[in-house]
Amino acid sequence: MADIKAAANPAMMTDGAELEKVRIAGTNQADTQLAAEFGYKPVFKREFGYLSTFSFAVSISGLFATVMTTMSYPLEAGGSSAVVWCWLVSGAGCMCIALSVAELVSAYPTSGGLYFTISRLAPHDWVPSISWLTGWLNLLGQICGVASSEYGGAQMLLAIVSMCKGFDNYEIKTTTTVGVMAGLTFLTGLVNSLSTYWMEKMTKFYVIFHVCILVACAIALLVMTDDKHDASYVFTHVESTSGWKPIGFSWLFGFLSVSWTMTDYDATAHITEEISNPEIKAPWAISMAMLFTYLAGFLFNIVLCFCMGDPNAILNSPMEQPVAQIFYNSLGKGGAIFFTVSALLIIKFVTFTAMQSLGRTVFAFSRDRMLPFSNVWIKVSPMTGTPLYAVWISVFFCIAINLIALGSYTAVDAVFTLCSIALDWSYCIPVLCKLLFGQFRPGPWHMGIFSTVVNIWACLWTLFVSIIFVLPTDRPVTADNMNYACVFLVFVLLFALVYWFISGKRFYHGPVTEAVVADSSSESNQPVETKTDKNGPEN
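Using numbering that gives the first Met the number 0, you'd call the opening residue of the sequence shown number 0 and step up by one each time.
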């Protein structure tokens, strides 16, 4: 690590042009050494810097758009008070998870994400099985994250159409929503077929656009809404339509909104092989992006509650988009269309970056021979420098999982829930290994004496909300309002278990942890011959 820092710090140079050349050369050397330390030959260009990495991390949460997509959950569960206080309470737990993830990403910056860290945190004999479980949970969570975001984007697009045509002249059908979702997901695949260079350029200034829209919308709502609620209503009003008793228990279901918005922390980890100096930039971006999302989201939810009017009216909106209805009521048709279009653009940035992360995850898992037909998904296009097959198999499954809406509209809620449960457990398993086995070696970014306390709270919080999220949100329970998240979760875990005994147990020995790295100028797109260290046999 000392060589890395020295190579990336040409402090003694004075000439500007020469300094820049040495800086670039030093960074390339440092990144190559870093990749070699963790067992992989660099195959991606490191295009992401501080601004674009931070913007990428912010775009994963897509605060303005994701609040629009999920505000109905706390509003139905406990009314205005749940919208506000569930965000504050649950957001604190999510921040602990995010900081724990950032600490691990700094120590082990590879595109495999936290799945890879198991090889450094768990005892030798346990590495294959634990990393297998972690990897499949993470993959499930990411697919659900992209799929649910695309479904939310389809709802926004159709809400715009509804506003343009008039509510009485246009009926939104589930089949239409599913068709639009498929088209939007296909567009996401096309964008992710571009080179990393273009993805970095597209992502770089997204955060500025996002913040401007967020601030402008909050100001417009506060100025233009005539009949605002008072503070007592916003912070204390409790109202539930769930049927759960006592009502305080129903209130807890509001945690889903922030847990879905403040998740996918390790998405930035999955592009660390495309970030220069990732052991510093990636954890910094994760922690700062989630802090921004936490604080700005709390304030924006308060604004929405002041300006929302009758909660039952917006929940029963013909647009099927409560927040878009708030915009319409307060800002009129023009303002509502503008901010809903803005939200659609923001959630598309969410899916662009989340799909990039998912594609890199499929690539990384295939590199370690964890997925069926790994030799296909590992191929990197020489034209774009991106894993196109991995991207398009991801597109296929993101569309496929949303097709359940054709059979049950309620079942789509399970996709949102699964995103939170599966991702958070894929983060907490490595954190538990860090706490239990004592093999963790911190990277440049770490929490020092606060690390253990934050890690423990992250795991306890995840356990707590996971129990809530698998329960049905409405009573009495019927086939139409059943929470199918547990069914889908069990199905995927059973598939992973069966595949483990069929193939994984024989051929999978855990993430690669050591490699002979060829010269960084090599044009080969395939990983070098690899072997595991003392934690596993040769591959």
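No lab work stands behind these hints: they were computed from the structure. Among the clues, some could well be false.
[As the list claims (entries may be wrong)] Mimicking DSS-like on lysine-lysine, the simulated pairs with C-alpha atoms at most 27 Å apart in a straight line are:
| no. | residue 1 | residue 2 |
| --- | --- | --- |
| 1 | K378 | K164 |
| 2 | K172 | K378 |
| 3 | K378 | K227 |
| 4 | K244 | K172 |
[Stated by the list, open to error] Ranges between beta-carbon positions, derived for each pair:
| no. | residue 1 | residue 2 | range |
| --- | --- | --- | --- |
| 5 | L193 | G308 | 49 to 59 Å |
| 6 | T174 | I501 | 34 to 44 Å |
| 7 | G242 | S407 | 10 to 20 Å |
| 8 | G447 | I207 | 30 to 40 Å |
| 9 | K332 | M382 | 38 to 48 Å |
Even for Gly, the Cβ is constructed at its ideal location relative to N, Cα and C.
Evaluation of the provided hints:
In summary, the hint linking K378 to K164 is not supported, as the alpha carbons are separated by about 46 Å, beyond the 27 Å threshold. Restraint check for K172 and K378: the C-alpha separation of about 39 Å exceeds 27 Å, so the hint is violated. For the hint linking K378 to K227, the alpha-carbon distance of about 56 Å lies beyond 27 Å, and the restraint is violated. Restraint check for K244 and K172: not satisfied, since their Cα atoms lie roughly 33 Å apart, outside the 27 Å limit.
Our hint of 49 to 59 Å for L193 and G308 is violated, since their Cβ atoms are close to 42 Å apart. Taking 34 to 44 Å as the suggested C-beta distance range, the pair T174 and I501 conforms, at roughly 37 Å. Taken as a hint, the range 10 to 20 Å holds for the pair G242 and S407, whose Cβ atoms sit roughly 19 Å apart. Take G447 and I207: their Cβ atoms lie about 32 Å apart, and the range 30 to 40 Å holds.
For the hinted restraint 38 to 48 Å between K332 and M382, the CB-CB distance of approximately 45 Å keeps it satisfied.
Of the numbered hints listed earlier, those contradicted by the structure are 1, 2, 3, 4, 5.
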